[in-house]
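These protein sequence lines are chains A and B, in that order. Under the working numbering, the first sequence has 346 at position 346, and the numbering climbs by one with no breaks. Under the working numbering, the second sequence has 71 at position 71, and the numbering climbs by one with no breaks.
Keep in mind the hints are simulated off the structure, nothing from the lab. Quantities reported herein were computed from a predicted structural model and do not represent experimental measurements. All residues carry an ideal CB built from backbone N, CA and C; glycine is no exception. Any given hint could turn out to be false.
[To be verified] Computed from the model, here is a short list of chain A residues facing chain B with C-beta under 7 Å:
1) 8
2) 10
3) 137
4) 153
5) 289
6) 326
7) 328
8) 370
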Amino acid sequence: MIDRSKIPLPRKEFSFSIPEIKILKLHNGLEIYFVKKENLPIVQLSFISFAGSINDPVEKYGTGFLTSLLIDEGAAEYDSLQLNNELEKLGTISSININHDVFSLGILSLKENFERSLQLLSKIIFEPRLEQKDFDREKKKILDKILQLKDEPSYIATTNFEKLIFANTKYSNPEIGNSHSVNNISLDDVKNFYYNFFQFSASVILVGNITESETYELFNKYFSQWKSPNKSWDEELNIITRPKKSIYLINKKESAQTELRIGHLSKNRFADDYYSCKVMNTILGGQFSSRINLNLREKKGFTYGVGSSFHYNLKYGYFGIATAVNIQNTSEAILEILFEIEEIRRNISQDEVDFAKSYLTKQFPSKFETYSQISKNISPLILYSLPIDYYKDYTAKIQSVELKDAILSANENIFPEDIIVLAVGDKNIIVPQISKNFDIEIIELDLDGLKST
Amino acid sequence: MNKEPLKIDYEKYQLENGLEVILFQDLSLPTVAINIWYRVGSANEKPGKTGFAHLFEHMMFQGSENVPKEGHFKYIQEAGGNLNGSTSIDRTNYYESVPANYLDLVLWLESDRMGYLLPSLTQEKLTNQKDVVMNERRQRYENQPYGLSWEKIFSNLFTSNHPYHWPTIGWMKDIEQFELDDVRNFFKTYYSPANASLVLGGNFDKANAKNLIEKYFSEIPGFNSAPKVIAPNQKLNETIKINFEDNVQLPRIYFAWHSDRMFGVNDAALDLLSEILSTTKNSRFQKSLIFEKQIAQEISSFQYSAKHSGSFLIYSTPKPNISIDQIKENIFFEINNLIKHGVNEEELLRAKNGLKSAYIYSLQKIDVVIDHLNHYNYFLKEPDSFIYDLQRYENVTPDDVINAASKYLQSSFVELRVLPKK
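This is chain A alone, in the form it adopts within the complex:
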């Protein structure tokens, strides 16, 4: 028998260097964040523009989202089905997404089909048809999707929580819009949004089994008409006041669980204490072995899983805890979460900080394994204008966080007095529990986040 009683020690650490990221600049100013990766015959490309949904016209929320659905419904000589057939024949996967900050178009293709795929992508970007019949169909699809989303408890919870957090800013509306705002959108609005697309700065991320000279050649061939504007969103920051501590409820009859969202507005991505805040949140709720998950799942059994995170967009950030709990334990779960929020400000141990730093730094190499992971890691460089060598000292920055920094960051980023709680579930079971434990008025909202009367 071998002695199993001691945990085996690691062997000598392997050296790891992150893939080299280069910026290739075309004559027209378009910048390509380029990583050569040769282990498979794959090329992954993303075209990222700052034309996000915050540019939706007032009362027409969802315009950007609708544009993102319509843009590949036919381009140049191809109608919608023909265009998609061309991509399907190649086995190329195209993806078009929009969030509040950016509009992105991507393709994942085999190396042998990359040129043709890029050519098709350029047609989508420069020559979309944007026709009325396609617009009508896609608009109806979105309206019916909005109807279906009323069935999704986690979607209802997240979107309404963000609506409360971001109050009257442009971040308070979901990208897809609402039934009222989408009804207001016309084809001309989409055409304007598409035109707008070319007013914002954009960059390309290319990770693939392809050389620099091939890249220059292909982009000069298919993206020469791009005129690089340098506008980025410069709207004044609305000053949002944090709503005072409150509990909100959205009634979902006969729900099997309660969806909970708990948190408040926070600093944005540019805060000086970004790294100590990351270490602190890792301890609080950022991974499986965090305080909140071990308490609510592994000790109490209230949930299948719970996590906390700082969500960043270009201008704002918020701190949020998300979970779904057994409806009978709703109030107890809220109390435990509020306890952990208070507790992290009072004490953190050196062991916890060491664990978090080890977790964050040692997993770093594995975040650069796939083509799409590398691409995903490059996008924050573009979004937050971070330097190209940003990742070089990433682990050193995490390592430099000390115990006192973690405690300080808990006190400077988490505010129990500002916490808002949103519960989505069966009112008849939730309200009596909360009334028993909290001396606070419960504010009931409808599915669209409006106060119920």
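We have chain A; now place chain B onto it with these hints.
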């Protein structure tokens, strides 16, 4: 297409206790990954004890003789690794990937729970994980729109004496009643090295890895006590129609037929049939019901094949004010049209190309590659079957697709209608 990346250079051997070992070295990675399949899934359960294979998977993360309750996750995460497990009808898997210098750690953890789980078992751990699993069932099925549809379909498609009759997560009333003895008996019946296969992938020295695997696993006694799963032949004599009211805005209709099992002669043709029917914008269902007629909000079909049997499934959500019957009529029109007028070369080629590229894309992640090696080893006894598998699809002719459609989709089926509660 160049198939070079699909050729996997591996080494397979067996320990004396019966544990199968497959090594796949890739020195270009900074990580090492382990993936263990135990040949037990929900098909090994008995009525009244459903969901146990999955609950047991949870118990495997609750520590073992030398690992404290929260230790398994904590040690792997502290090393910067990823880990999880999953349970299907036919097997249960566990996997970790860590920086390559932590190979000893993962072998120690996996062997400790393979050999020495029971000494650390407590009622408290079981009660806690029953609560967690009941919340998993609520979160993933009961509190999701249409979330109970699949278990309603399979419990009607398969007779109650067939091991695919119940859902992998189990019936709630069964989960509530599990006891410590159930855990002990299950472990002693199924969690033998002789009932498992271990794949190691990534950056390691082969001689060293073999020594370490020998060191940690060879002392665990092997036994063969797993009873054979009995899966009686299934045939629906008539179509079964079920209506179910749910908290949904739009109704949805589902169809399920018995079809071929995993790697059966018609399995690949049925996969391609589902691609041709519903996967892309140009597929027949999407083109007709979503694009042209605009009567459906979504439509999907797939061949769901497993060890003992397979099923072919279609579901669709009608647009508001469109009747379910109209959707049904259109679906059957498209199926009959395909059987009668055939499949053209272009749509078959499109479907094959989509599958082929997806294969290459899936090789990006070592965890996925080694899980695939275990998958092929389990079903085909040959881990390196990527090229064989792809060849199955390349060999399919238009006639094969038509024959598979007419063989399976012209029989009786289960029809489920999920209707909005009034």
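Do the hints match the structure? See the list:
With a least beta-carbon distance of about 4 Å to chain B, the hint placing residue 8 of chain A at the interface is held under the 7 Å criterion. A cut of 7 Å between beta carbons decides the hint on residue 10 of chain A: the least distance to chain B is about 5 Å, and the hint holds. Among the interface hints, the one on residue 137 of chain A holds; its C-beta lies about 6 Å from the nearest C-beta in chain B, closer than the 7 Å criterion. At its closest, the beta carbon of residue 153 of chain A sits 6 Å from a beta carbon of chain B; the interface hint therefore holds under the 7 Å criterion.
With its C-beta approaching chain B no nearer than about 5 Å, residue 289 of chain A sits inside the 7 Å limit, and its interface hint holds. Checking residue 326 of chain A against chain B: minimum C-beta separation of about 6 Å stays under 7 Å; hint holds. A cut of 7 Å between beta carbons decides the hint on residue 328 of chain A: the least distance to chain B is about 11 Å, and the hint is violated. For residue 370 of chain A, the interface hint holds, since its Cβ comes within 7 Å of a Cβ in chain B; the closest pair sits about 4 Å apart.
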